[in-house]
Amino acid sequence: MFDSFLALLKRDLLLALRRRSDIFTVLFFFIIVVSIFPLGISFEKAVLQKIAPGVVWVAALLASTLALERIFANDYADGTLEQMLLTPQPLSVLVFAKTLAHWLLTGLPLVLIAPLAGLQYHLSASTIGTLMLVLLIGTPILSMIGAIGAALTLGLRGGGILVSLLVLPLYIPVLVYGSGAIEAAMQGDVSLQPYYLLLLAFLLLALVFTPLATAASLRISVE
Amino acid sequence: MTLSVNQLQCSRGDICLFEGLTFELTAGQLIWLEGKNGSGKTTLLRSLCGLFLPDAGTIKWKGELTRSTEDTFYKDLFYLGHQNALKLDLNPVENLQVLSRLAGESVSEEQADEALSRFGLSGYEETPVRKLSQGQQRRVALSRLLLSKASLLILDEPFVALDAAAVELLQSVIVTQVEQGGMAILTTHQALPIPEEKLIRVSLDRYV
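Top to bottom, those sequences are chains A and B.
If you count by my numbering, then the first sequence holds residues 1 to 223, one letter each, in order.
If you count by my numbering, then the second sequence holds residues 1 to 208, one letter each, in order.
Bound conformation, chain B alone (with noise of 0.2 Å):
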């Protein structure tokens, strides 16, 4: 399982965000995604996933091309972006439920109930999303990372909002990921305890 991007090139309208980019992930290893703020750390992030047209450069899962072999590297992929992907009207069991089923994995009540418990939410399982807080509507979306098979994650900023213990459980999850054979890239301000040997660090501000 590795995920190899080469030479890739992404701009805004006319700005060049960054050129060149060439890196590789393999299992049980974690991106470190680092750059000043409009450096296109999202923008790459999204690019990874297939939500942007990079102008240049190849992005290969498993040594075949992301762009032609869609199905299986979504299947693998698990993607948080800044927005948490939840509907306000609907209660954080059945987004849980809805998001993977969508992914194509059936998700119990009682897995629901025990991510939601683990991110510190037991007893708002039937409160509308809309009623809970910013960082508790984080802790829903990232819920879902408990609940989810895929062994590439994608996190963009997914500190944000978080408060000192659910960064550490975040941590420690995203850990474990990695080092049961995952793999996670991610944007973040937070240090990782993660040992140096499987860290990698990226910045893109050295491809401008």
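Just chain A, same shape as in the assembly (with noise of 0.2 Å):
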């Protein structure tokens, strides 16, 4: 069981570097979401620091979106995913090792471009600090509850937008206490520990059922 993972998680991470362009996407998407913000609104220091939180974790929820439909629909159209439904191995158990590759991909990376958004905004760099870890945690959030709607929406047609639509409403605890704990540690008297537990919660609750969901998801869309 434990080598399907394996073998599962370093196939998509092998495919993934054979074809670079789709890492890139998102990271790019990220920077220019965030970079037309202060050309859109102003280059005031005070307005930046008021908005960073927002719309960096804006800007991961739309990168996170957009590289959604493809956890599952390059192995549904090739048919390694009938494949995988048909092994003895737990399904929920090959669905994490691609979701946490999509976050290796996808999350990961956003986490570490994280601050150059920062300094675009201004942040100090103890909340640069506090950005980058309120992002470690909520990122694998969005791969995992995310993984459920590519699931769901697997070979419909618009399948990208319907997937867009569905998860986002499901993202907002993460993008309330994430923002929340950056806006926190930009105050600098209000204890940050609150945020981290809800967001470590959330994240928790996500590993135990989000893979199971997402297993249930998938054999009945390729039904």
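Read the hints as simulated data drawn from the structure, not as lab findings.
All values derive from a computational prediction rather than experimental measurement.
Even for Gly, the Cβ is constructed at its ideal location relative to N, Cα and C.
There could be a bad hint or two in this list.
[What the hints assert, rightly or not] A few chain A residues facing chain B, derived, Cβ under 7 Å:
1) D3
2) S4
3) A7
4) R11
5) L15
6) R18
7) D78
8) G79
9) T80
10) Q83
11) L86
12) P88
13) E223
[To be verified] Straight line, CA to CA, 20 Å or less: simulated SDA-like cross-link-like pairs of lysine to any residue:
14) A:K10 / B:V107
15) B:K131 / A:R20
16) B:K149 / A:P88
17) B:K75 / A:V93
18) A:K10 / B:S106
19) B:K131 / A:A16
Hints in hand, dock the two standalone chains.
Quick look at the structure:
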């Protein structure tokens, strides 16, 4: 079971390395969305600092939905998904491997590029640290919730847009507490612990339930 | 080892494809599934695998419902549909290794090379599948047959896109598997060189 998990994870990472454009579209989308807000609103330091938490998080949400459709669509089209359904391995484990690969390829780069966004918005070093930390906790949740949506809309026409409509409302709690934590970090005198604990609670819930939900949705979509 | 299908009924939308389909397959036998286009051959194969939900009827493997004992059933099952289930950016050896791992078997590079060379693909081990022709891609997918330990083969039009030499080779691979106590269900328009007593012909046109 663990062997299949690793084999699938390795395969997805290898495939992404051979088609690098997929990773970079998400990353550049994030950078561009974050960069155009100052152009449209204002270059004033105070204004930028005020909108920074929301803008960075909304950009992260949109960037992560951009790549969701691809989690299962390619495997569905070439028949490998059917073979995954017909293995003696628990499907939720295989689904988790695919979701993890998806996060490593789309979520983790966002976390690593976040300091760049922070600098654009005049955030202090400690706030950038908080920003990276909440993104590190939050983006896996986005990938995992998104995987359910991707599985449900598999094989539907216009699935890409449908999946955004389906999962964006579910991202709201992560958005609220994620940007709340950054705002609190900017004020300086508020404890950040509640934000971290709540986000971690979401992460744990997602870790436990989303692979099962995604596996069930996949079976329905393939039938 | 028996696969028994009882009173199976499948439909697509409002159209009933077949109903009351009943047959039994035991070790050392092969089912040749016939029927005109649209008669539900692929649907039947997919519902045997559990990829399609039948309206009524039961499918039992070794006396147990396949739906309730999926893990044991899938250990014995090898399914190849119309799609080759290959990743175009990986080379044939990588493809075979990943698919075997998923099926819970581990295949060394040498074993994969050997299977590929039996299907006439030596020299293509390092070529991305994208650059192979349709027939060669089908050969890669079929070379999994040589690596799999499954006893029940379900093959949907396995001979499509193959040249005469490959058809002959595949026929002999299937026949050997069946003669060694395996079983197979396939749809094809090619005749199979297999003794009459081992061959069961099921025609879906009779169950409409």
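Of the numbered hints stated previously, which ones are contradicted by the structure, given in increasing order? none
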